[in-house]
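Letter by letter, the chains look like this.
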Amino acid sequence: MTQSRSPLAKIGKGLQILLLLAYAVFALFPLLWMFIMSIKPDSQMLTTTFIFTPTLENYATVLHSDYMQFFFNNLIVSVAAVLVSLVVGVPAAYALARFQFKGKEDIAFTILSFRFAPEILVILPLYLIYQRLGLYDTYFGLIWVYQLITLPLLIWILRGFFEDISPDIEAAAQLDGYTWWQVFLRVLLPLVKPGLVAAGLLCFIFAWNSFTFPLLLSNNVQTSTVIALRYLASDTVHYGQVAAAAAISALPEVILALLIQKHLVRGLSFGAVKG
Amino acid sequence: MASIQLSGLTKFYGKRRGVEDVSLEVGDQEFLTVFGPAGAGKTTTLNLIAGIVTPDRGSIRIGDKTVDALEPADRNVAMVFESYALYPQFTVYQNMAFPLRSPKHRLPAAEVEQRVRHFAAMLKIDHLLDRQIQALSNGQRQRTALGRALVRRPDVFLMDEPLSHLDAKLRHSMRAELKEMRSQLGTTTIYVTHDYLEAMSLGDRVAVINQGRILQVGTPEEVYFRPATVEVAQLFGDPEINLIVAKIRNRQSTSVRVQALGEDWSFPITPEIGSALDKLPGDSVQLGFRPADVTVGVNGNSSLHGVVYSFEPLGTKSVLTIDSVAGQRVRALVDGHRTFQVDRRIEFSVPSAALIFFDPESTRYLVRSTRTEGGD
Amino acid sequence: MAELILKTLTKVYSQAQSPAVDQLNLGVRDGEFIALLGPSGCGKSTTLRMVAGLESVTSGEIRIGNKLVNDLHPKDRGVGLAFENYALYPPLKVRDNLAFNLRAHGLGAKEINRRVDEIARTLQIQELLDLKPAVLSSGQKQRVNMARAMVRRPSVLLLDEPLSHLDARLRVELRTEIKRLHAEQRFTTIIVTHDQLEAMALADRIAVMNEGKLQQFDTPLEVFNHPANEFVAGFLGEPPMNIFRTVVADSGRLVIPDTDFALPITPAIQKLVGPRKELKLGIRPWGIRVSQTQTDAAVPGVVVVVEDLGDETRVGVRYGEVLIMSSIPITRRYRPGLPVFLNFNEEDLNLFDPTTGERLSDGSYQANQTAPETVSKNEIQAPVSR
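Protein chains in written order, with my numbering: chain X, 540 to 814; chain G, 69 to 444; chain A, 14 to 399.
It is possible that some hints are incorrect.
One-sided excerpt, in silico: chain X residues whose CB lies under 8 Å from chain G [said to hold, decoys possible]:
id : residue
1  : 563
2  : 584
3  : 705
4  : 708
5  : 710
6  : 715
7  : 716
8  : 718
9  : 726
10 : 754
11 : 774
Note that these hints are calculated values from the structure, not bench results. Glycine residues also receive a C-beta, built at the ideal position from the N, C-alpha and C atoms.
Given these sequences and hints, build the entire structure.
Below, the structure written as structure tokens:
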């Protein structure tokens with residue numbers, strides 16, 4: 540019986556692989572295109588065939604400019620934003636998952652609603668306030684405003700994870716002789732680790748890719764996403780350099796994602812359903 | 069080792085009553101079962117003692133100190149949760165060793181190892197010590213949870229329905245094993261259950277609780293044979309106790325004639341029953357009798373008559389539901405070898421010794437014949 | 014009403030897994046009440062769903078009233094199914110819930126009303142007819158659910174765990190009602206359940222299933238008293254049967270090695286044991302009599318557990334890893350530590366092969382694994398008019 544079905548099954552399997560391949564090409568093509576552009580000389584930029592003389596010149600130009608300075612700026616504000624979000628968001632998510640208090644759902648919804656409005660909507664008042672407070676063009680100012688992006692995400696993903704842990708487990712650990720803080724560190728945190736990793740990475744990506752806020756709220760403390768604009772000079776557009784800058788910029792995300800892929804898949808499939 | 073004293077414990081969750089005015093004393097090394105249906109307030113009681121929930125009113129003493137102001141960790145109680153509450157990221161060994169590595173109960177590593185192995189062997193999970201929790205069956209998880217509580221040697225054990233998630237077969241054998249183990253531990257224990265067999269089998273005494281209030285505290289024999297109220301009587305036994313209202317027709321010194329189930333019948337009474345009946349304001353009394361006590365006759369001298377409404381064989385025993393003359397149904401538990409056809413006329417009787425008398429107004433226990441439960 | 018025949022019925026979900034239902038043969042007589050009993054995942058619900066037409070058949074036949082229904086649409090099979098989770102239509106009143114599929118079958122309003130009223134009377138839900146499902150208790154919902162399955166007068170009534178969501182008291186009550194209802198109406202009925210008491214109480218015959226395969230198909234008492242294999246023996250009965258491994262010793266006794274357990278092998282047992290050196294012994298707690306007098310046939314031991322349970326006392330004696338529980342009339346005589354003697358009632362002994370788990374049989378008893386055409390003519394309980 541198992542033999543009779545096998546040719547059909549094989550065809551099915553082959554078709555499946557083919558479809559997945561097609562999708563992979565479709566999804567990855569922009570990335571591939573970007574990479575190809577980054578190693579094309581300016582003169583051959585607009586050819587649509589794949590025949591060109593590969594060059595590293597674009598990378599050299601970008602790396603020799605002050606681009607790396609802005610790259611590190613981005614790294615500083617994004618990592619710091621994620622860290623602040625973790626410090627604030629983990630307790631907040633725990634509280635929203637565990638405690639019953641007045642207005643709990645309203646608070647949770649308000650936090651989520653920060654993600655509803657497009658950034659451009661609030662940027663003008665923010666700009667004015669930042670000017671007044673002297674937060675304009677500071678690391679701290681950017682890290683702070685990034686919380687609008689990262690905090691809701693983190694809280695909502697982690698809340699689902701905390702809700703998944705039975706309160707009995709906490710009570711059990713307390714009866715086993717641990718203080719609440721020890722319970723939190725030794726029992727709860729390890730249990731939400733996949734969620735923590737996934738949420739942290741997502742926050743990092745969103746913060747890293749943020750464009751509107753750094754564009755309008757800072758000048759010298761600029762991030763790599765915004766600085767890529769400079770290659771769109773008034774006279775020409777250096778597509779090759781834009782592509783090279785973008786490729787460098789995408790590198791940390793790709794490396795991070797590959798490193799913690801396992802956690803990411805578990806964390807997202809978990810939290811997404813629950814959240 | 070310690071006694072426990074609860075006085076006037078009250079806890080409301082918003083408007084919903086968890087428990088109200090619960091007072092209980094549990095002696096040193098006593099095994100008390102707290103029995104009641106779902107939502108009766110059993111788990112709330114345990115959580116209050118453990119300190120997981122704080123009471124609105126009332127006080128708890130463990131040993132000779134009041135623990136109301138103490139954190140759960142400082143009360144030296146160990147609890148087995150209904151959900152087991154095992155730490156999923158740890159192995160069986162790590163779960164069991166966890167309390168012994170805590171700041172409160174820390175022991176040298178060698179002694180931790182020795183204790184965990186000792187209790188793992190006792191619970192027959194010594195071959196599973198390196199397993200992850202996810203890889204365990206329900207029964208094995210239950211044993212691990214028990215083991216985690218046992219290693220501590222606490223003052224008090226609190227057990228919240230530890231057997232309820234096991235299948236029926238395992239439940240029976242675990243119950244027997246738990247009872248066997250009890251004698252080796254000798255720790256004061258409060259055991260919560262909704263299964264009357266567990267309550268009776270394990271408890272030195274049983275506290276019957278419903279809707280947040282304690283209905284009766286007594287030995288298993290007391291709550292089964294002399295239930296404080298009709299409600300308690302209904303909670304013990306499967307199928308449920310039969311309850312009928314009898315009108316007293318004629319009361320003599322050694323017997324009484326009643327009308328019940330649509331028929332006149334009489335039965336002998338003791339002086340004790342007689343005086344209890346005399347104190348009743350009206351002429352009716354509520355009678356309870358267990359299905360197992362009903363004798364279904366064939367010899368023609370039984371006092372009651374009926375028609376078989378339904379017959380359900382259960383193996384060793386069968387449940388016979390009888391439509392009495394008055395229409396009220398009576399359940400009888402008969403030997404598994406007998407069969408009865410639906411709609412057949414039959415006779416049955418209830419031995420007077422099996423009758424439990426209740427006040428029809430207050431539904432409180434009045435009296436029953438002094439036959440010692442169980443003959444010898 | 015009709016008879017139902019399942020012939021080598023098989024359901025395979027995926028080639029990688031073993032079949033959910035494997036070559037199932039069952040013959041259900043007209044008016045008979047059958048229970049499909051087994052643990053979760055044994056294939057009982059899949060079987061029911063195949064009969065109802067909610068699940069396709071991989072191979073084999075389903076015949077209702079001698080008509081092959083494998084490929085018929087569920088509504089054309091003449092089956093009524095009461096779902097485990099009630100599945101009542103929330104916006105409709107009880108009356109409309111009951112009338113729903115009668116309307117679908119194009120019956121006249123008068124006839125529909127007549128039938129709804131009739132079934133409501135049978136199930137004692139007349140006063141619920143104008144209520145919405147949301148306000149009903151779980152017991153009432155289950156009655157409505159069953160009424161809906163019965164109102165179209167199906168040839169076969171299918172009940173999927175009808176009592177599993179009810180509390181204990183209601184379960185016993187409704188169990189009696191279902192039994193009574195069947196005695197009156199005599200629908201051909203299949204109930205799926207994991208509760209052995211429910212199956213025993215309700216069914217004329219029980220089909221015990223495990224891992225997709227039929228283990229035994231017989232009357233409740235036959236399944237209970239003569240289980241075909243170790244699985245059936247362990248699955249039925251509460252408290253469970255004592256089942257343990259014994260070795261045939263040179264002394265002519267069955268022993269549990271390194272313990273005091275030694276049971277003399279009588280000629281009748283010897284016939285079953287044959288040349289085996291090891292076998293599994295099964296005995297229900299009621300088959301053991303506890304006494305304090307020594308006889309040659311009695312097995313000595315020491316009481317380790319005593320449970321006083323009101324109507325009965327259970328006494329446990331330990332032999333190494335094995336705890337043997339006996340159930341005796343209530344007594345205060347026994348306490349842990351007391352030496353006693355266990356007398357095993359020979360009629361209640363069950364012997365199983367230690368490797369296959371099959372019941373050892375001398376041929377006088379045959380497990381009733383009948384092909385559907387040769388259903389034995391067991392007497393069915395019929396109602397006798399008053």
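(request) Please write out, lowest number first, the hints stated earlier that are contradicted by the structure. (result) 1, 2, 10, 11
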